[in-house]
Amino acid sequence: MDNLGDGANYAFFNNITYRAPKVPTLYTALSAGDAAATSPEVYGAYTHSFVLERDDVVQVVVNNLDPGRHPFHLHGHEFQALYRAPEEGGTFADANITEADFPAVPMRRDTLVVWPNGNIVLRFRANNPGVWLFHCHIEWHVTSGLIATFVEAPLDLQKTLSIPQNHLDVCAAASVPTAGNAAGNTKDLLDLTGQNTPPARLPDGFTARGIVALVFSCVTGILGVLVVGWYGLAKTEDGPSGSGYAGPPSDTAAAVVRAGDGQQKEPIMVGPCPADRVPVEPDGHRSPAARRAWNLENPVGSM
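Residue 554 in this note's numbering sits at position 150 of the sequence shown; the count goes up by one each step and never skips.
Hints should not be assumed to be uniformly reliable.
[Claimed, not checked] Derived lysine to any residue pairs resembling SDA-like cross-links, with alpha carbons at most 20 Å apart: (1) Lys426 with Thr597; (2) Lys563 with Asn531; (3) Lys563 with Trp536; (4) Lys426 with Lys563; (5) Lys591 with Ile501; (6) Lys426 with Gly534; (7) Lys563 with Ser443; (8) Lys426 with Gln463; (9) Lys426 with Val574.
[Said to hold, decoys possible] Derived DEER-like restraints, expressed as beta-carbon distance ranges: (10) Ser566 with Asp505: 41 to 49 Å; (11) Leu408 with Val629: 51 to 59 Å; (12) Pro607 with Val509: 20 to 28 Å; (13) Ser621 with Ala576: 46 to 54 Å; (14) Glu503 with Asp595: 38 to 46 Å; (15) Val517 with Ala424: 22 to 30 Å; (16) Thr590 with Val509: 46 to 54 Å; (17) Val629 with Pro520: 38 to 46 Å; (18) Val580 with Leu606: 26 to 34 Å; (19) Phe610 with Gly636: 30 to 38 Å; (20) Gly625 with Ala497: 25 to 33 Å; (21) Arg513 with Trp544: 16 to 24 Å; (22) Val632 with Leu408: 34 to 42 Å; (23) Asp438 with Pro568: 20 to 28 Å.
Keep in mind the hints are simulated off the structure, nothing from the lab.
Every value quoted in this text rests on a predicted model; they were computed, and no experiment measured them.
Where is the CB? At the ideal position from N, CA and C, for every residue including glycine.
Please work from the sequences and hints to get the whole structure.
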């Protein structure tokens, strides 16, 4: 898995991430003619196509270079599962496995999980002409490009299969070409100019835009530190001064808010409170806060 130029994450078989061709691969196999149909190039550089002749015995080795597990599925066949390495088992080449290590009667599956950083070995006979995908069965890995294509016995396909007219009509309505190579070229089938391609690889090192972004980030950070320092050292009327912080006058009352049980209580007046500043209720009586302040100034026993 890796990121490409658009910032999205992509998956790769043999450093190729799948990109659907302009012409469906089956239609290319049927329209390419005898000579070109057996050439993997006509199916596009990013369909990761392998052309198989009828009755070939095909062995597939999947080395998982990823820390995640992948359930690989093959269309059109139930393959023999010959070998599966344990988790962190490394590549098949490093395992020193020989034919003698394979089971005499392998189990047959159409899907097999390869463990993280492990490998699997599959084998099947190419006796089912068609265009078959081999892919991870995790859907977003499929959309990320973890797909290979087996074009099996294309010359047999040309002799035995024809595309229904209603399929061709649907493709025409959707402006999907139905003949030619992966790029839709019907004249030179090896000319793939205009084929669908994945985004470009990310360049190594810094790009011009990256350098500009780094410079602006550094300048912004330095300015931010300077502003914070200037603000903290600036003199204000109620802030630090040459003689230190000046507290409130001694003849003022400080309000202390007592909070408890998640509710705000009435303020308690602490300190001397001049009579002309004592809060008075509308009925002329002193407020509870004022009475508490008076009690603080005239404690019991001082009368």
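Hints, verified against the model:
1. Lys426 with Thr597: Status holds; Cα separation ~11 Å.
2. Lys563 with Asn531: Holds: Lys563 and Asn531 sit about 15 Å apart, inside 20 Å.
3. Lys563 with Trp536: holds (18 Å)
4. Lys426 with Lys563: Measuring from Cα to Cα gives roughly 24 Å; hence the hint is violated.
5. Lys591 with Ile501: The hint is violated at about 47 Å.
6. Lys426 with Gly534: Between Lys426 and Gly534 the Cα gap is close to 19 Å, so the pair holds against 20 Å.
7. Lys563 with Ser443: Between Lys563 and Ser443 the Cα gap is close to 17 Å, so the pair holds against 20 Å.
8. Lys426 with Gln463: Cα-Cα ~29 Å, so violated.
9. Lys426 with Val574: holds (15 Å)
10. Ser566 with Asp505: 41 to 49 Å: Roughly 45 Å apart at Cβ, these two residues keep to the hinted range, so it holds.
11. Leu408 with Val629: 51 to 59 Å: violated (37 Å)
12. Pro607 with Val509: 20 to 28 Å: violated (51 Å)
13. Ser621 with Ala576: 46 to 54 Å: holds (52 Å)
14. Glu503 with Asp595: 38 to 46 Å: Holds: the Cβ-Cβ distance is about 42 Å, inside 38 to 46 Å.
15. Val517 with Ala424: 22 to 30 Å: At 26 Å between Cβs, range holds.
16. Thr590 with Val509: 46 to 54 Å: holds (48 Å)
17. Val629 with Pro520: 38 to 46 Å: holds (44 Å)
18. Val580 with Leu606: 26 to 34 Å: holds (31 Å)
19. Phe610 with Gly636: 30 to 38 Å: holds (35 Å)
20. Gly625 with Ala497: 25 to 33 Å: violated (49 Å)
21. Arg513 with Trp544: 16 to 24 Å: holds (23 Å)
22. Val632 with Leu408: 34 to 42 Å: holds (40 Å)
23. Asp438 with Pro568: 20 to 28 Å: holds (23 Å)
Checked against the numbered hints given earlier, this structure breaks hints 4, 5, 8, 11, 12, 20; the rest are met.
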